[in-house]
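Asks: Sequence:
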Amino acid sequence: MQPTNPAEVLLAHDHWANIKLYASCRSLSEEQFHHPFEMGTGSIHNNLVHNLGAMRGWTDVLNEAERRPRLEEGRHTIPEIEALHGKVAAEFRAAALAKPFDAVLTPSRNGQSYRFTAGGILTHVATHSMHHRAQCLNMLRQLGVVDLPESSVMEWMLAGDTQ
Numbered sequence: 064m065q066p067t068n069p070a071e072v073l074l075a076h077d078h079w080a081n082i083k084l085y086a087s088c089r090s091l092s093e094e095q096f097h098h099p100f101e102m103g104t105g106s107i108h109n110n111l112v113h114n115l116g117a118m119r120g121w122t123d124v125l126n127e128a129e130r131r132p133r134l135e136e137g138r139h140t141i142p143e144i145e146a147l148h149g150k151v152a153a154e155f156r157a158a159a160l161a162k163p164f165d166a167v168l169t170p171s172r173n174g175q176s177y178r179f180t181a182g183g184i185l186t187h188v189a190t191h192s193m194h195h196r197a198q199c200l201n202m203l204r205q206l207g208v209v210d211l212p213e214s215s216v217m218e219w220m221l222a223g224d225t226q
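Numbering (the numbering used here), first residue to last: 64 to 226.
Since the hints were made in silico from the structure, they are not lab data. One or more hints might be untrue.
Label-pair restraints from in silico Cβ distances [to be verified]:
| # | residue 1 | residue 2 | range |
| --- | --- | --- | --- |
| 1 | Ser176 | Gln205 | 21 to 29 Å |
| 2 | Gly207 | Ser171 | 40 to 48 Å |
| 3 | Ser176 | Ala146 | 33 to 41 Å |
| 4 | Gln175 | Met64 | 24 to 32 Å |
| 5 | Asp210 | Pro142 | 33 to 41 Å |
From the three backbone atoms N, C-alpha and C, an ideal C-beta is built for every residue, glycine too.
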């Protein structure tokens, strides 16, 4: 059965939609995967890696841990991104569910302090990821990919996927 708790829904849907998108990208050539677009972070590769980098960065905030190096600084293949996703998503899930959603975190970046709730961070990561996945769908469409992956929460619910 699919989760019904909104936090669990956000996490499960995000995981499912990313897996679907990665599968659609496996058939892309290296050139297509890195093809420049004037949207998002500039390519499918960059969007996918940016999503993972952001998720990992917010995991560090939730864990109140030292910020790790950005994933965006490297070039990754789809199999590498899929492997990274497994680890990064599991870490984020554990961190996002470890604190009460009203817990306040006060990270600093570039000398500026911020206040975020754990629930706000979880919601931001899920919606941020959805925006960049939508850009990737548009990029895939422009590359001529016809069989686009399912990606919405409604499609996830209809699929009955529990992952």
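Asks: If a hint holds in the structure, say so; if it doesn't, say that too.
Replies: Structure-based check of each hint:
1. Checked against the hint of 21 to 29 Å, the pair Ser176 and Gln205 fails, with Cβ atoms roughly 40 Å apart.
2. Take Gly207 and Ser171: their Cβ atoms lie about 45 Å apart, and the range 40 to 48 Å holds.
3. The hinted range of 33 to 41 Å is satisfied by Ser176 and Ala146, whose Cβ atoms lie roughly 34 Å apart.
4. In this structure the hint that Gln175 and Met64 lie 24 to 32 Å apart at CB is violated, the actual value being about 43 Å.
5. Separation of Asp210 from Pro142 is about 20 Å and departs from the stated range, judged on CB atoms against 33 to 41 Å.
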